[in-house]
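Novice: Here are the chains, one letter per residue:
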Amino acid sequence: MTLVAGAHEVEPRVTTAELRQALPLVTVRGLEVAYDAQRVLAGVDLELFPGEMVALLGASGSGKSTLMRSLTGFAPITGGAVRVAGHDVTNLRRGQLRTLRSEVGQVFQQFNLIPRLSVLTNVLAGALHDAGPINLVGGFSSAHRRRALELLDRVGIAHKALEPARSLSGGQQQRVAIARALMQRPKVILADEPVASLDPKLADSVLELLREIASEDGIPVLVSLHVLPLALAHSDRIVGLRRGEILVSGRTSQLDAAALAPLYEDEEPGDDEH
Amino acid sequence: MTSTEPRSRVATGTPAGGPSAVDPMLAAAERHRLERAFRMPRTRFLIGLPIAALLLIWSFNGAQFNFVKLGEGAVNMGEFLSRLFPPDFSKLGTILALLLETFQMAVVGTVLGAVLSLFVAVCAASNIAPKWLYYPTRWVMNIIRSVPDLVFALMFVSAVGLGPFAGILAMTLGSIGSIGKIFAEAMEQVDRGPVVAMQAVGASKRQVVQYGVLPQAAPLLTSYSLLLFEGNVRGATILGLVGAGGIGLELTTAMRMYDYGHLSAIIICIIVLVTAIDQGSALIRRRIT
Numbered sequence: 001m002t003l004v005a006g007a008h009e010v011e012p013r014v015t016t017a018e019l020r021q022a023l024p025l026v027t028v029r030g031l032e033v034a035y036d037a038q039r040v041l042a043g044v045d046l047e048l049f050p051g052e053m054v055a056l057l058g059a060s061g062s063g064k065s066t067l068m069r070s071l072t073g074f075a076p077i078t079g080g081a082v083r084v085a086g087h088d089v090t091n092l093r094r095g096q097l098r099t100l101r102s103e104v105g106q107v108f109q110q111f112n113l114i115p116r117l118s119v120l121t122n123v124l125a126g127a128l129h130d131a132g133p134i135n136l137v138g139g140f141s142s143a144h145r146r147r148a149l150e151l152l153d154r155v156g157i158a159h160k161a162l163e164p165a166r167s168l169s170g171g172q173q174q175r176v177a178i179a180r181a182l183m184q185r186p187k188v189i190l191a192d193e194p195v196a197s198l199d200p201k202l203a204d205s206v207l208e209l210l211r212e213i214a215s216e217d218g219i220p221v222l223v224s225l226h227v228l229p230l231a232l233a234h235s236d237r238i239v240g241l242r243r244g245e246i247l248v249s250g251r252t253s254q255l256d257a258a259a260l261a262p263l264y265e266d267e268e269p270g271d272d273e274h
Numbered sequence: 001m002t003s004t005e006p007r008s009r010v011a012t013g014t015p016a017g018g019p020s021a022v023d024p025m026l027a028a029a030e031r032h033r034l035e036r037a038f039r040m041p042r043t044r045f046l047i048g049l050p051i052a053a054l055l056l057i058w059s060f061n062g063a064q065f066n067f068v069k070l071g072e073g074a075v076n077m078g079e080f081l082s083r084l085f086p087p088d089f090s091k092l093g094t095i096l097a098l099l100l101e102t103f104q105m106a107v108v109g110t111v112l113g114a115v116l117s118l119f120v121a122v123c124a125a126s127n128i129a130p131k132w133l134y135y136p137t138r139w140v141m142n143i144i145r146s147v148p149d150l151v152f153a154l155m156f157v158s159a160v161g162l163g164p165f166a167g168i169l170a171m172t173l174g175s176i177g178s179i180g181k182i183f184a185e186a187m188e189q190v191d192r193g194p195v196v197a198m199q200a201v202g203a204s205k206r207q208v209v210q211y212g213v214l215p216q217a218a219p220l221l222t223s224y225s226l227l228l229f230e231g232n233v234r235g236a237t238i239l240g241l242v243g244a245g246g247i248g249l250e251l252t253t254a255m256r257m258y259d260y261g262h263l264s265a266i267i268i269c270i271i272v273l274v275t276a277i278d279q280g281s282a283l284i285r286r287r288i289t
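Read top to bottom, the protein sequences are chains G and L. Per full-length UniProt numbering: the first sequence = residues 1 to 274. Per full-length UniProt numbering: the second sequence = residues 1 to 289.
To be clear, the hints were calculated from the coordinates, so they are not data collected in a lab. Check the hints yourself; a few may be wrong.
As the list claims (entries may be wrong) - In silico contact screen, one side only, chain G against chain L (beta carbon under 7 Å); selected entries:
#1 S102
#2 I114
#3 S118
#4 A125
#5 G126
#6 H129
#7 R147
Beta carbons: idealized from backbone N, C-alpha and C, even for Gly.
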């Protein structure tokens, strides 16, 4: 179902014509996910095209995180088809699953950095999948190190490269996490509530960085958010989930707060995020 | 005191396809109980308390614990302690040489024990090892832990002969049972976030352990290794009793020969060594935590 509202002031960076020309890097058809007997997602369809930033909205427990997890084989898919970066996620062996994950950069709400290790090592961890035998003794090649430092330059914290990750502020830690995701040379980036632990100013800067990555590198970014203004200001497209089903889907420029309000109607505060 | 929420709601079921609808309201009776400054303990506590008390009394009796007997024997104890003074340091060279051997045994036993324990712990951590590996490893560790180090020392003395090598082997094997379990528990307690992040970048199982688990557990692992080292220094003095090297044999000989001055000098030297190691360990712990 698509709700189309009045025009929004944010201009889409990726035009519809451009999207139609590109093949989707993520294709989800009729996705169903259930934990034990509890169905969390039901009949979800989604496509992500190169270069677009798509905001995933919905109340707590609506299935946003589960949808994110199902794209990298972290959630039990019980039905439907999921294709990510050329991989059929529903039918992967362990080695293939690791390859898929290495091609999908993930950014988490709590950053998930290794607190005692340096910022540089945390970024290098993004290259673990192709680190080679030198990594047996904890090493990374010069090429990997050079790229990690370039990425730290890009996210603006190269001067903190040797400091332990735990000494950084929340915004800086999330930038390190983004650099780690980029270190994977990802074909898709999934960001699950990446700014929920940050103040509004830092949230803006982190989302701006993700959008810049999407448009400059042509990587589709799926970002789950729970603050409507952030989604309206920083995305090309919005997909809204309600109780495991897609209720709203459309270009951000054609949506506004009123159009998205049904996502949160009659929802009780939940303590479990799906 | 009245409840602000007189109504009690019953948690509803979970509709298929939707989020769980657990009632966030407290039951009125539970709310009333929590608001009271002094509340009756729960039934399980009221039943458990006398059971625990009975168990304690039963154990005191079984262990023949007797304060009166201790009071009566205090004079003899004082007399024994008085014999230890003055200490006789005439054989200080021998004591220091044996103490050095004890220290060396502890260093080798700790390094071998800690390294082997690390591998065993990975197999015994529920968040890392599969169940088919986790349970057998835990059982083996339990068996090792149940056997006293002295028995291991006797076993290795019969295998490799008298001397510190047997002591080191006993210490190493004993360490796997004790410190291996603690290492495994330290690994189980790490924050799950970085582990998930490592899985998410496509890391192998070994890489997840190397980057997601070990760096987080490292301060605890180091701290426990230092504790193991302190224990091994003390333990090495005991292993000497069965001829497994170190200062233990000299200690036993001094006791059997009623050479209390020498015994006292040995004990003082052990105390100095253990205290120095304790202080050094504390310094390292402060730096790593």
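Novice: Could you run down the list of hints and mark each one as holding or not?
Specialist: How the hints compare with the structure:
| no. | hint | in the structure |
| --- | --- | --- |
| 1 | S102 | holds, 3 Å |
| 2 | I114 | holds, 5 Å |
| 3 | S118 | violated, 10 Å |
| 4 | A125 | holds, 5 Å |
| 5 | G126 | holds, 5 Å |
| 6 | H129 | holds, 4 Å |
| 7 | R147 | violated, 14 Å |
Of the numbered hints given earlier, the model fails hints 3 and 7; all others are met.
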